[in-house]
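Novice: Sequence order for the protein chains is G and C.
Going left to right, the first sequence walks through residues 84 to 333 as our numbering numbers them.
Going left to right, the second sequence walks through residues 84 to 333 as our numbering numbers them.
Simulated from the structure, these hints should not be mistaken for lab results.
Treat the hints with care, since some could be wrong.
Since the list can't tell identical chains apart, any single copy or any two copies may satisfy a pair.
Derived SDA-like pairs (lysine to any residue); straight-line CA-CA distance at most 25 Å [to be verified]:
1) 171 x 147
2) 133 x 185
3) 323 x 273
4) 133 x 146
5) 254 x 182
Computed from a predicted structure; not experimentally measured.
There are 2 protein chains.
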Amino acid sequence: MAKEIYTAALIIIGDEILSGRTKDANTPYIAEKLNESGVRLTEVRIIPDKGQTIIDTVNEMRAAHDYVFTTGGIGPTHDDMTTENVAKAFGVELELNEEAFNALLAYYDDPADITESRKKMAIIPKGATLIENPVSGATGIHIGNVYVMAGVPRIMQAMFDSVLPTLVGGKPVVSRSVSCNLPESEVADGLADIQNRYTMVSIGSYPKYQNGKFGTTLVLRGIDEAALAKSTQEVADLVKSLGEDNPIIV
Amino acid sequence: MAKEIYTAALIIIGDEILSGRTKDANTPYIAEKLNESGVRLTEVRIIPDKGQTIIDTVNEMRAAHDYVFTTGGIGPTHDDMTTENVAKAFGVELELNEEAFNALLAYYDDPADITESRKKMAIIPKGATLIENPVSGATGIHIGNVYVMAGVPRIMQAMFDSVLPTLVGGKPVVSRSVSCNLPESEVADGLADIQNRYTMVSIGSYPKYQNGKFGTTLVLRGIDEAALAKSTQEVADLVKSLGEDNPIIV
């Protein structure tokens, strides 16, 4: 029987995110597309460019989830150490991949331009397959349930989009939302009651703060569309009963 | 003797981040300010609103780091479960905090407005102290080496700014950067050589991709300002020797 729930973890590898220099832009993209494919992103870890940390995190995550995605650290420089440590996590050797090397040959006009650093990008774990990179020379790889991708959003997105159709997922998670101008403390009691009656729906309450006034967006998520529709109606009725004239239901 | 290196972990708690609905905006703010205070953010975990996950993650992180910060899940609704699970992580009871309750009394004109849901915001772990929230009724708390803060960036920042002066850190991490229009594979070999000679400096290479052309920003970080200045000069000389006319050094 097919599984009901498929989960994924994302490992964001890079000192530049942890230093605050670069803002992660990949999480929302991956999260939304996974949801549409019936896979839930249930854990994200941001870790430094450090070999043992990469090995430990990859091994912990691939045991705990159906799919693991990594971003960052696959380029040609000394601080790009994802691929070699994914190989170590799987306990396999690295080898020059012919297909990846040919891609480098095609990318650089002169074979003499393929320095040792550039060649590194064609060296992948034994048993891994390539994830095409239509933008630059660095290669994404797929080994076991782990997908190693670039950190640059444009390249990551191209890689992820090519992987996505190959994933097996469950029913997609659908979401509805009800926005109102009430502070969340006002809807809290009624909302808890609705949540208690709809266990198949997960209801989140998110405060907004604009122009010195509080408002709340109530987000309902689940795979059962009928329950979702009914509970969304109840939430809309709740905020109306509390004085909201015009809830925005999406 | 004072420690050389202080580390911190950030735990971002919230289904809304994992679903892709909300983009985390707190990591860069916390990372940069910690750096200035000589504390390095070395790990970020984004986890769902799930009791046992919160307990396990808080306990793992507080054992591994000097400081742990959490964001999200401290409001009045059913999906706000951070505070109660931090109490469980520490194995302490929850109790009504007089100061927090007085803050609620001051916030709401009519004591009858303090519903059970709102009262929940004044119930904190035994032994915890409050982190002031100048914006809303939800209370931040400090217990052991863990700081529990709001998820809304404006409120989180106010809480974090009030905590920051109380942290003990090491020397601040200073960074310099050299930007050039060379692809990173061109600087890789020379850069690795510089990195090998400056072990006290951490050098990162970050590709840029603009208007169909690759460029690279090389970021040098460390606590030894003399080594940082010398290595930055070497990186600038490297990119000039490779044909960059006008590296931007910051």
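Novice: Give a verdict on every hint.
Specialist: A quick look at each hint next to the structure:
Taking CA atoms no more than 25 Å apart as the test, residue 171 paired with residue 147 passes in both settings, with 18 Å inside one copy and 24 Å between copies. In this homomeric assembly, residue 133 and residue 185 never come within 25 Å of each other (Cα to Cα): the closest approach is 29 Å inside a single copy and 47 Å across copies. Taking the closest pair of Cα atoms, residue 323 and residue 273 come within 25 Å of each other only inside a single copy of the chain (12 Å); across copies the shortest separation is 65 Å, beyond that limit. Taking identical chains as interchangeable, the C-alpha atoms of residue 133 and residue 146 lie at most 25 Å apart whether they share a chain (20 Å) or sit on different chains (20 Å).
Neither within a single protomer nor between protomers do residue 254 and residue 182 lie at most 25 Å apart by alpha-carbon distance, with minima of 35 Å and 47 Å respectively.
Hint check: violations occur at hints 2 and 5; the rest are consistent with the structure.
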